[in-house]
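*Asks:* With the hints as extra help, turn the sequences into a complete structure.
So that you can map any letter, position 252 of the sequence shown is 251 in numbering that gives the first Met the number 0, and since no number is skipped, the others follow by simple counting.
There may be inaccurate statements among the hints.
Unchecked claim - The list that follows gives simulated cross-link-like pairs (lysine to any residue, SDA-like), each with its CA atoms no further than 25 Å apart:
(1) 231 with 250
(2) 254 with 183
(3) 231 with 180
Think of the hints as simulated: they come from the structure by calculation, not from any bench. Predicted model, so just to flag it, every value in this text is computed and none were measured.
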Amino acid sequence: MSSLSPEGREALPSLPLGPSTISMDVMSLNEEEVDVLETESVDTATDVGGDGRRKRAEQEKEGEQCSSLTWFGTDKQLVRGIYDGWARTYEQESLDELGFSSPMECAKATALWAQGRGVERLLDVGCGTGYVLKLLKECFGLNFSFSAGCDLSTEMLSVSRERKMYDDLRQLDISEYPWPYPTASFDTVCCNGVLIYVSDAECLEEFDRVTRPGGMIHLMLRHDGLSGYREKIGEMTSSNGREREGGARWELVEKSEDLDNFPKATQDNLKGVMYNIWSFRKRG
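*Replies:* Pasting the structure below:
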């Protein structure tokens with residue numbers, strides 16, 4: 000695979016990755032800390048790979064304000080095409096050139112709540128090249144009895160498959176339900192940098208379904224991708240109106256400080272892109 004084209008490289012890192020803050024005391028969303036994301040309507044077309052990147056470059060040359068959230072969040076074919084073309088150089092370019100920090104932070108959070116707690120079964124949602132699991136194994140010494148990964152990009156999965164770390168790898172669009180995993184089948188579920196591409200926050204229901212009671216769910220959520228998930232997370236962590244179902248389904252047990260996703264970035268649109276790692280325990 001060739002390296003991502005200059006147009007694709009410039010466009011892709013601005014792919015927003017998705018809530019903002021929940022009060023640890025009352026588990027309610029803090030509206031004041033949320034930056035309301037306003038996006039312009041953009042003709043996203045269905046071009047993939049080079050065609051999609053060329054169309055975006057043409058729009059930018061013409062001075063059009065193309066929202067990356069609208070562009071990538073609504074066009075799965077384009078997202079898949081770009082990641083397929085980026086798979087072989089993804090880690091070098093995102094980690095070395097941009098300082099992409101969230102894989103390590105997601106691994107840290109997952110390890111914090113897994114070490115010494117009898118966690119045996121892991122699901123890595125949007126596993127890509129398998130870098131988060133690689134960190135869990137090599138940096139934190141975690142070895143799961145069963146680890147599964149899923150991703151939209153078949154080429155990213157090919158790289159992950161070559162590493163031979165997962166027991167189960169599947170190509171999966173996580174906005175399509177149900178996921179091909181049994182109910183309550185995982186002790187911990189992690190997801191780094193994927194939810195920004197999924198406009199339907201109802202996918203959190205599948206995170207909930209496949210996690211066992213008492214299990215952990217770790218989500219990397221960028222500030223600029225919050226708007227679509229704010230209400231759903233409030234629902235999952237609130238007992239309001241759920242008396243007959245036993246109250247809130249999720250408990251927020253840890254939320255990282257605000258973190259810079261691309262600390263080495265020189266492009267203006269990538270500077271100051273902030274995120275948090277949210278760690279929830281499934282009640283029950």
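*Asks:* With a cut-off of 25 Å on the C-alpha distance, tell me whether residue 231 and residue 180 pass.
*Replies:* 22 Å, holds
*Asks:* So if I understand the rule, the pair passes when the alpha-carbon distance is 25 Å or less; does residue 231 with residue 250 pass?
*Replies:* 14 Å, holds
*Asks:* Hey, residue 254 versus residue 183, does the alpha-carbon distance stay inside 25 Å?
*Replies:* 24 Å, holds
Consistency with the previously given hints is maintained throughout, with no hint failing.
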